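Make a model of the complete structure from these sequences and hints.
These are the residues of each chain, in order.
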Amino acid sequence: MIAVIAFVNAIFEPGFFTSEPVRVALVVGGAVSLVSAVVGVFTVIRGQSFAGHSMGDLGTAGGSGAFLVGANPLWGFVTFAVLGAGAMELFGARRPRGRDTATGIVLGAGLGIAALFLYLGTTHSNTTGATITILFGSMFVIGTSMIPVFVLLSALALGIVALLYRPLLLSAVSRDIASARGVPVRTVGLLYLLAMAVAVSLSCVTIGAILSTAVLIGPAAAALRLTRRPGLAIAWAAVIGLAVTWLGILLAYDSYYWPPLGRGWPVSFFVVALILAVYVAADLVSRNVARHRGRVVSSAEGPAGVGGRAQPMLSPVAGVD
Amino acid sequence: MNETARPGAGREEILSLEGVSLWLSGREILHEVSFSLHSGELTGLIGSNGAGKTTIFKVVLGLETPTAGKVLFSGEARPRRNRSIGYVPQSIGLDPDVPLRARDLVALGLDGDRYGIPLPSRGRRQRVDEMLQAVDAQGFADTRVGKLSGGELQRTLIAHALIAEPRLLLLDEPLANLDITSEQEVVGLLASIAKARAIAVLISAHEMNPLLPVMDRVVYVASGRAASGSTEEVVREDVLSALYGHHVDVLHVNGRILVVAGKDEVHHTGPESEHTAVPRGLG
Chain B
1 MIAVIAFVNA
11 IFEPGFFTSE
21 PVRVALVVGG
31 AVSLVSAVVG
41 VFTVIRGQSF
51 AGHSMGDLGT
61 AGGSGAFLVG
71 ANPLWGFVTF
81 AVLGAGAMEL
91 FGARRPRGRD
101 TATGIVLGAG
111 LGIAALFLYL
121 GTTHSNTTGA
131 TITILFGSMF
141 VIGTSMIPVF
151 VLLSALALGI
161 VALLYRPLLL
171 SAVSRDIASA
181 RGVPVRTVGL
191 LYLLAMAVAV
201 SLSCVTIGAI
211 LSTAVLIGPA
221 AAALRLTRRP
231 GLAIAWAAVI
241 GLAVTWLGIL
251 LAYDSYYWPP
261 LGRGWPVSFF
271 VVALILAVYV
281 AADLVSRNVA
291 RHRGRVVSSA
301 EGPAGVGGRA
311 QPMLSPVAGV
321 D
Chain R
1 MNETARPGAG
11 REEILSLEGV
21 SLWLSGREIL
31 HEVSFSLHSG
41 ELTGLIGSNG
51 AGKTTIFKVV
61 LGLETPTAGK
71 VLFSGEARPR
81 RNRSIGYVPQ
91 SIGLDPDVPL
101 RARDLVALGL
111 DGDRYGIPLP
121 SRGRRQRVDE
131 MLQAVDAQGF
141 ADTRVGKLSG
151 GELQRTLIAH
161 ALIAEPRLLL
171 LDEPLANLDI
181 TSEQEVVGLL
191 ASIAKARAIA
201 VLISAHEMNP
211 LLPVMDRVVY
221 VASGRAASGS
231 TEEVVREDVL
241 SALYGHHVDV
251 LHVNGRILVV
261 AGKDEVHHTG
271 PESEHTAVPR
281 GLG
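Read top to bottom, the protein sequences are chains B and R. No gaps in the numbering here: position 41 of the first sequence is 41 in the numbering used here, and each next residue is one more. No gaps in the numbering here: position 72 of the second sequence is 72 in the numbering used here, and each next residue is one more.
I should point out that these hints are in silico values taken from the structure, not numbers from a laboratory. Warning: the hint list may mix true and false statements.
Counterexamples of contact, computed for chain R against chain B with all Cβ distances above 12 Å [to be verified]:
{"#": "1", "residue": "Gly26"}
{"#": "2", "residue": "Ser36"}
{"#": "3", "residue": "Ser48"}
{"#": "4", "residue": "Gly86"}
{"#": "5", "residue": "Arg101"}
{"#": "6", "residue": "Val145"}
{"#": "7", "residue": "Val214"}
{"#": "8", "residue": "Gly229"}
{"#": "9", "residue": "Glu233"}
{"#": "10", "residue": "Val239"}
A partial selection of chain B residues facing chain R, derived with a Cβ cut-off under 8 Å [what the hints assert, rightly or not]:
{"#": "11", "residue": "Ile45"}
{"#": "12", "residue": "Leu163"}
{"#": "13", "residue": "Leu164"}
{"#": "14", "residue": "Tyr165"}
{"#": "15", "residue": "Arg166"}
{"#": "16", "residue": "Pro167"}
{"#": "17", "residue": "Leu169"}
{"#": "18", "residue": "Ala172"}
{"#": "19", "residue": "Val173"}
{"#": "20", "residue": "Ser174"}
{"#": "21", "residue": "Asp176"}
{"#": "22", "residue": "Ile177"}
{"#": "23", "residue": "Ala180"}
{"#": "24", "residue": "Leu224"}
{"#": "25", "residue": "Thr227"}
{"#": "26", "residue": "Ala233"}
Computed from a predicted structure; not experimentally measured. We treat Cβ as the ideally placed atom computed from N, Cα and C, and that holds for glycine.
Right, dumping it as structure tokens:
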């Protein structure tokens, strides 16, 4: 019994569950990462990782602008990311390549504005901490008053994805099939970008503008290694997103007691490091499973090629074309 | 030709194009194209790349609006949201990582245009299973779509289109990128689908020979113009020469038909260059 208590105490340093900032971080940080991970599954499937990253950079401009005028950075992040989503959709129209170029240009402009705002903000009020907060997030300084806003925005992003679940999958398979079936492909795409903008803005506040991409893409990419089913991929991404964030918060809290600094490491660092570890592990697992499956199939498959796969024609006559 | 496959009484008209012309950025892409498709019939939309096949598909699917002419479904104008047309594109370019099994893609054919999250239901699963069986796809039902071979993907996409019970099935170059075995499988499958389900099937192809045994009608497209009817009526030197605007020869070799440019057209850089004198399988 004493051993158990000693073990728990070793993992959860004193005060972990009673600290108000920690509780807020667990609720808000956890919710935000979960939303980002779920939204991110479609970001990866639709090949819009670059757009997701750009929204973080655009958000930086908004967040630093909000700081400059004394508003809550969240509103700055949301405003700029949503405007950016609209701009990307407007310029990018139909061609994926054109979309990338458009995204890149919008992104560059966003970072330029962020540089200006951060410069103005920090030189006027001498708070270099603002730069760190905007770029790398700060889960422990979110006030309890902001919780309803976070919950509402999270629900909005999740709601959009739930509503568009099937049309998003269908238009990822083929834009033409989806259009022919009557899916308003552009509207669906724009609404999805909106959900992405909200999710990215939220994680800009918790995990930081620069690292928001990791929370968006990382759990989703790991989930895609683990399952072949769309519903399960979303579930895995949600679990991974939540788990790495909670574990990151715990490690960051504990790190206050770690030598040699004795003043704690940032949560964002732990979360991103954990995402990388999970992705690598998921990749190794999927490779092992594939190798195992391959062995089973090849031993079960006779020379006639059971298993439904049409054998390639190798006769010299058929080869000419 | 196959006698039972002749267009005739009892077959219902599903789609008709009447004098459809289409201008895009100052160019006439289609010029007064007319043809009709009937239930239980398999029609080949034959022409080289750039002849206008894909544009005709887009017009039928409602993705392009004709500048002139009419597109009628069972005699009526096309509704905006049309579940009665199944469409199989030439390629879908899905990443192998995308978590979508063949059976998930088929299920999307059932309700992929609906909003919200689908509740798992026994009826839904059963319909998907039946459809997978109908195209002989049970063997790879749980394989990721991005990892399917060309023939497997083609059959999955056919099941995806068929599960919504369309009255018209459009397939864009379904035989491109298939080896000869899969090609014959897919052709046989489509012919039996047309008959068994009494739906109209329209297949575009730049090579008509693989379709000859099963094709009830042909719509031959060249430079945005089309001629339609039975193979004997359309694939003739006078008809095709008029279509191309210069003389072409139609040669019958071992049950295959070759369309080649006439003598005075040695440097055939036009659309007919796809129909060169070397057919598949001959050297």
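Against the structure, the hints come out as follows:
no., hint, in the structure
1, Gly26, "holds, 20 Å"
2, Ser36, "holds, 20 Å"
3, Ser48, "holds, 16 Å"
4, Gly86, "violated, 9 Å"
5, Arg101, "violated, 5 Å"
6, Val145, "violated, 7 Å"
7, Val214, "holds, 19 Å"
8, Gly229, "holds, 27 Å"
9, Glu233, "holds, 29 Å"
10, Val239, "holds, 28 Å"
11, Ile45, "holds, 5 Å"
12, Leu163, "holds, 5 Å"
13, Leu164, "holds, 7 Å"
14, Tyr165, "holds, 5 Å"
15, Arg166, "holds, 5 Å"
16, Pro167, "holds, 6 Å"
17, Leu169, "holds, 6 Å"
18, Ala172, "holds, 7 Å"
19, Val173, "holds, 6 Å"
20, Ser174, "holds, 5 Å"
21, Asp176, "holds, 5 Å"
22, Ile177, "holds, 6 Å"
23, Ala180, "holds, 4 Å"
24, Leu224, "holds, 5 Å"
25, Thr227, "holds, 6 Å"
26, Ala233, "holds, 4 Å"
Going down the numbered hints, you'll see the structure goes against 4, 5, 6, while the others check out.
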